[in-house]
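Protein chains in written order, with this note's numbering: chain A, 1 to 136; chain B, 1 to 136; chain C, 1 to 136; chain D, 1 to 136.
Certain hints may be false.
In silico SDA-like links for lysine to any residue, alpha-carbon gap of 20 Å or less [what the hints assert, rightly or not]:
{"id": "1", "chain 1": "C", "residue 1": "Lys-66", "chain 2": "D", "residue 2": "Asp-114"}
{"id": "2", "chain 1": "A", "residue 1": "Lys-63", "chain 2": "B", "residue 2": "Ile-117"}
{"id": "3", "chain 1": "D", "residue 1": "Lys-63", "chain 2": "C", "residue 2": "Arg-86"}
{"id": "4", "chain 1": "D", "residue 1": "Lys-66", "chain 2": "C", "residue 2": "Asp-112"}
{"id": "5", "chain 1": "A", "residue 1": "Lys-63", "chain 2": "B", "residue 2": "Pro-56"}
{"id": "6", "chain 1": "C", "residue 1": "Lys-63", "chain 2": "D", "residue 2": "Glu-59"}
{"id": "7", "chain 1": "C", "residue 1": "Lys-66", "chain 2": "D", "residue 2": "Pro-56"}
{"id": "8", "chain 1": "A", "residue 1": "Lys-63", "chain 2": "B", "residue 2": "Leu-54"}
{"id": "9", "chain 1": "C", "residue 1": "Lys-66", "chain 2": "D", "residue 2": "Met-1"}
{"id": "10", "chain 1": "B", "residue 1": "Lys-63", "chain 2": "A", "residue 2": "Asn-116"}
{"id": "11", "chain 1": "C", "residue 1": "Lys-63", "chain 2": "D", "residue 2": "Ser-46"}
{"id": "12", "chain 1": "A", "residue 1": "Lys-66", "chain 2": "B", "residue 2": "Lys-63"}
{"id": "13", "chain 1": "B", "residue 1": "Lys-66", "chain 2": "A", "residue 2": "Asn-116"}
{"id": "14", "chain 1": "D", "residue 1": "Lys-63", "chain 2": "C", "residue 2": "Thr-103"}
{"id": "15", "chain 1": "D", "residue 1": "Lys-63", "chain 2": "C", "residue 2": "Thr-89"}
{"id": "16", "chain 1": "D", "residue 1": "Lys-66", "chain 2": "C", "residue 2": "Arg-107"}
{"id": "17", "chain 1": "C", "residue 1": "Lys-63", "chain 2": "D", "residue 2": "Arg-86"}
{"id": "18", "chain 1": "D", "residue 1": "Lys-63", "chain 2": "C", "residue 2": "Glu-59"}
{"id": "19", "chain 1": "A", "residue 1": "Lys-66", "chain 2": "D", "residue 2": "Ser-46"}
{"id": "20", "chain 1": "B", "residue 1": "Lys-66", "chain 2": "A", "residue 2": "Leu-54"}
{"id": "21", "chain 1": "A", "residue 1": "Lys-66", "chain 2": "B", "residue 2": "Val-109"}
{"id": "22", "chain 1": "A", "residue 1": "Lys-66", "chain 2": "B", "residue 2": "Leu-58"}
{"id": "23", "chain 1": "B", "residue 1": "Lys-63", "chain 2": "A", "residue 2": "Leu-54"}
{"id": "24", "chain 1": "A", "residue 1": "Lys-63", "chain 2": "B", "residue 2": "Leu-58"}
{"id": "25", "chain 1": "C", "residue 1": "Lys-63", "chain 2": "D", "residue 2": "Asn-115"}
{"id": "26", "chain 1": "A", "residue 1": "Lys-66", "chain 2": "B", "residue 2": "Asn-115"}
{"id": "27", "chain 1": "B", "residue 1": "Lys-66", "chain 2": "A", "residue 2": "Val-10"}
{"id": "28", "chain 1": "D", "residue 1": "Lys-63", "chain 2": "C", "residue 2": "Leu-28"}
{"id": "29", "chain 1": "B", "residue 1": "Lys-66", "chain 2": "C", "residue 2": "Thr-103"}
{"id": "30", "chain 1": "B", "residue 1": "Lys-66", "chain 2": "A", "residue 2": "Gln-118"}
{"id": "31", "chain 1": "B", "residue 1": "Lys-63", "chain 2": "A", "residue 2": "Asp-82"}
{"id": "32", "chain 1": "B", "residue 1": "Lys-66", "chain 2": "A", "residue 2": "His-108"}
{"id": "33", "chain 1": "A", "residue 1": "Lys-66", "chain 2": "B", "residue 2": "Lys-66"}
It should be emphasised that the hints constitute simulated quantities derived from the structure, not laboratory data.
4 protein chains.
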Amino acid sequence: MRTFDTELTVRYGETDKMGVVHHSNYLLWFELGRTGLLREAGYAYSDLERGGFLLPVLEYNCKFHKGAEYDDSVLVNTVVSDIRSRAVTFHYECWRNDTLLCTGWTRHVCVDHDNNIQRIPDGVVEACRAYLRDGG
Amino acid sequence: MRTFDTELTVRYGETDKMGVVHHSNYLLWFELGRTGLLREAGYAYSDLERGGFLLPVLEYNCKFHKGAEYDDSVLVNTVVSDIRSRAVTFHYECWRNDTLLCTGWTRHVCVDHDNNIQRIPDGVVEACRAYLRDGG
Amino acid sequence: MRTFDTELTVRYGETDKMGVVHHSNYLLWFELGRTGLLREAGYAYSDLERGGFLLPVLEYNCKFHKGAEYDDSVLVNTVVSDIRSRAVTFHYECWRNDTLLCTGWTRHVCVDHDNNIQRIPDGVVEACRAYLRDGG
Amino acid sequence: MRTFDTELTVRYGETDKMGVVHHSNYLLWFELGRTGLLREAGYAYSDLERGGFLLPVLEYNCKFHKGAEYDDSVLVNTVVSDIRSRAVTFHYECWRNDTLLCTGWTRHVCVDHDNNIQRIPDGVVEACRAYLRDGG
Numbered sequence: 001m002r003t004f005d006t007e008l009t010v011r012y013g014e015t016d017k018m019g020v021v022h023h024s025n026y027l028l029w030f031e032l033g034r035t036g037l038l039r040e041a042g043y044a045y046s047d048l049e050r051g052g053f054l055l056p057v058l059e060y061n062c063k064f065h066k067g068a069e070y071d072d073s074v075l076v077n078t079v080v081s082d083i084r085s086r087a088v089t090f091h092y093e094c095w096r097n098d099t100l101l102c103t104g105w106t107r108h109v110c111v112d113h114d115n116n117i118q119r120i121p122d123g124v125v126e127a128c129r130a131y132l133r134d135g136g
Numbered sequence: 001m002r003t004f005d006t007e008l009t010v011r012y013g014e015t016d017k018m019g020v021v022h023h024s025n026y027l028l029w030f031e032l033g034r035t036g037l038l039r040e041a042g043y044a045y046s047d048l049e050r051g052g053f054l055l056p057v058l059e060y061n062c063k064f065h066k067g068a069e070y071d072d073s074v075l076v077n078t079v080v081s082d083i084r085s086r087a088v089t090f091h092y093e094c095w096r097n098d099t100l101l102c103t104g105w106t107r108h109v110c111v112d113h114d115n116n117i118q119r120i121p122d123g124v125v126e127a128c129r130a131y132l133r134d135g136g
Numbered sequence: 001m002r003t004f005d006t007e008l009t010v011r012y013g014e015t016d017k018m019g020v021v022h023h024s025n026y027l028l029w030f031e032l033g034r035t036g037l038l039r040e041a042g043y044a045y046s047d048l049e050r051g052g053f054l055l056p057v058l059e060y061n062c063k064f065h066k067g068a069e070y071d072d073s074v075l076v077n078t079v080v081s082d083i084r085s086r087a088v089t090f091h092y093e094c095w096r097n098d099t100l101l102c103t104g105w106t107r108h109v110c111v112d113h114d115n116n117i118q119r120i121p122d123g124v125v126e127a128c129r130a131y132l133r134d135g136g
Numbered sequence: 001m002r003t004f005d006t007e008l009t010v011r012y013g014e015t016d017k018m019g020v021v022h023h024s025n026y027l028l029w030f031e032l033g034r035t036g037l038l039r040e041a042g043y044a045y046s047d048l049e050r051g052g053f054l055l056p057v058l059e060y061n062c063k064f065h066k067g068a069e070y071d072d073s074v075l076v077n078t079v080v081s082d083i084r085s086r087a088v089t090f091h092y093e094c095w096r097n098d099t100l101l102c103t104g105w106t107r108h109v110c111v112d113h114d115n116n117i118q119r120i121p122d123g124v125v126e127a128c129r130a131y132l133r134d135g136g
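Looking at chain A on its own, in the form it has when it is part of the complex (with noise of 0.2 Å):
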């Protein structure tokens, strides 16, 4: 099974007035593993896009442990945990160094620029079993 990891910078202006991350950023954070993760399995996001194949967040769901801090260098660790035909779910982990700072989950259907429900095309699926968590 592999992951992908990627690091990331904080930004001053991911941040709130309570000091830390604000909550809402970290979907962007995850969008970045996720990005990754399809470019490293040979399929950019912005290719399948071209391709007629749009992957829209049908749900997601983040818990939080420590909250991240402006300037921090952050790890984000993506595995897919569910690939069906027409349906995929991400899991995330963000780290800074040892410190598990929340993690969180993406569950995307696959349609078309006519919002129609389509089959992720066969190499996909196949790419994304190599990042498949283990009894995910």
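Assemble the complex: chain A is given as a structure, and chains B, C and D must be docked to it using the hints.
Same frame as chain A, now just chains B, C and D:
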């Protein structure tokens, strides 16, 4: 049981290239919902913060049915689905006329400025009970 | 000369760790201002877009006097400071009661969906003239 | 004269329904540029803040030539265009390969945590001079 309704108009900058609202922005709308509920209940969140009571988000969830579009009028309906001595959960529905766009919830813990867990002030607990969903 | 006023309440997620609104968010407020002005003038921007007329931002500027804070009521006052056959400039002031928070402007060119420069429809030019700042 | 270059990949959530990056997001990229420049110069902005020196934005400007698209690699080139005892101006260019996307600037004043104007620490002024644009 009371519910709190607030209305907003979708901003252009809240959309993404899929043509609908980016999924992260619903969390900002949920924030308008619970902020408005607390104010109506007699406890403006800004006053709570000044009094040393913060309500950071511990976990959130959102499930989508339809995407909101630019310039849509969206009604956010907020209730309390759980209230305990140190934690509170709000539940949200976003509607465009008769169309349910999404449902979500956010769970919060009460802390002070040093991030130590605190009891939610009695008055706030009492006031929130008026918005407690049946069977919530 | 008419002006267009719109009011908003500052969202928690719009603040940053300095405790005031992050400077980038004023551009979203300006967007509410010109969108509202165009709607009041009889030309909803969403209709213009559907008709093939887009108004991307060519240049923007914002100068700050005071920072807006969470939960503040902010009034955005919008006028047209220049209108030509293919470009329009809007000018904005953000106020909290009698305190001027910032002034700014955005300059837009009219293009079609293929990004070719177009004449702004005559009716829009005419309607915008009613909001033209004296000596603008 | 030194310049500071930093590279970023455009996030999906940074685009809007026009299909390109929403104009407000360039300010977040500028923030990455000046933050990186200061860190390279030996003065991490997070350290300056902890030391009681903040650099809020007094005014900003951005002029667009081409729109950045999702998944583009964008290089942000940052220099200092003016440095005085209490204020500093940074100048930015965003490039996609050989295409200039936009140019912009932000002017900052130095204040303490009570919002009183302060002299920028001598070491910071000195370090910034190395990045001062010719004739800046």
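Given pair status - D:Glu-59, C:Lys-63, alpha carbons within 20 Å
4 Å, holds
Against the 20 Å threshold, does the CA-CA distance of D:Lys-63 and C:Thr-103 hold or violate the hint?
Distance ~17 Å between D:Lys-63 and C:Thr-103 Cα, so the pair holds.
Checking one constraint from the list: CA of C:Lys-66 to CA of D:Met-1, max 20 Å. Satisfied?
34 Å, violated
Checking one constraint from the list: CA of D:Lys-63 to CA of C:Arg-86, max 20 Å. Satisfied?
Holds, because 17 Å separates the two Cα atoms, which is no more than 20 Å.
Between A:Lys-66 and B:Lys-66, is the straight-line Cα distance small enough, at 20 Å or below?
Not OK: A:Lys-66 and B:Lys-66 at ~32 Å, beyond 20 Å, violated.
Is C:Lys-63 within 20 Å of D:Asn-115, Cα to Cα?
At roughly 17 Å apart (the allowed maximum being 20 Å), D:Asn-115 and C:Lys-63 satisfy the hint.
Next pair to validate is A:Lys-66 with B:Asn-115; report whether the Cα-Cα distance is within 20 Å.
10 Å, holds
Is the hinted pair B:Lys-66 and A:Asn-116 satisfied, with a Cα-Cα distance of at most 20 Å?
Answer holds: B:Lys-66 to A:Asn-116 is near 13 Å, not above 20 Å.
Agreement of D:Lys-66 and C:Asp-112 with the hint, judged by alpha carbon distance not exceeding 20 Å
15 Å, holds
With the threshold set at 20 Å, check whether the alpha-carbon distance from B:Lys-66 to A:Val-10 stays at or below it.
31 Å, violated
Taking only the CA atoms, is the gap from A:Lys-63 to B:Leu-58 under or equal to 20 Å?
Holds, because 6 Å separates the two Cα atoms, which is no more than 20 Å.
Taking 20 Å as the top limit, are the C-alpha atoms of C:Lys-66 and D:Asp-114 close enough?
13 Å, holds
When the structure is compared with the earlier hints, violations turn up for hints 9, 11, 12, 27, 29 and 33 and for no others.
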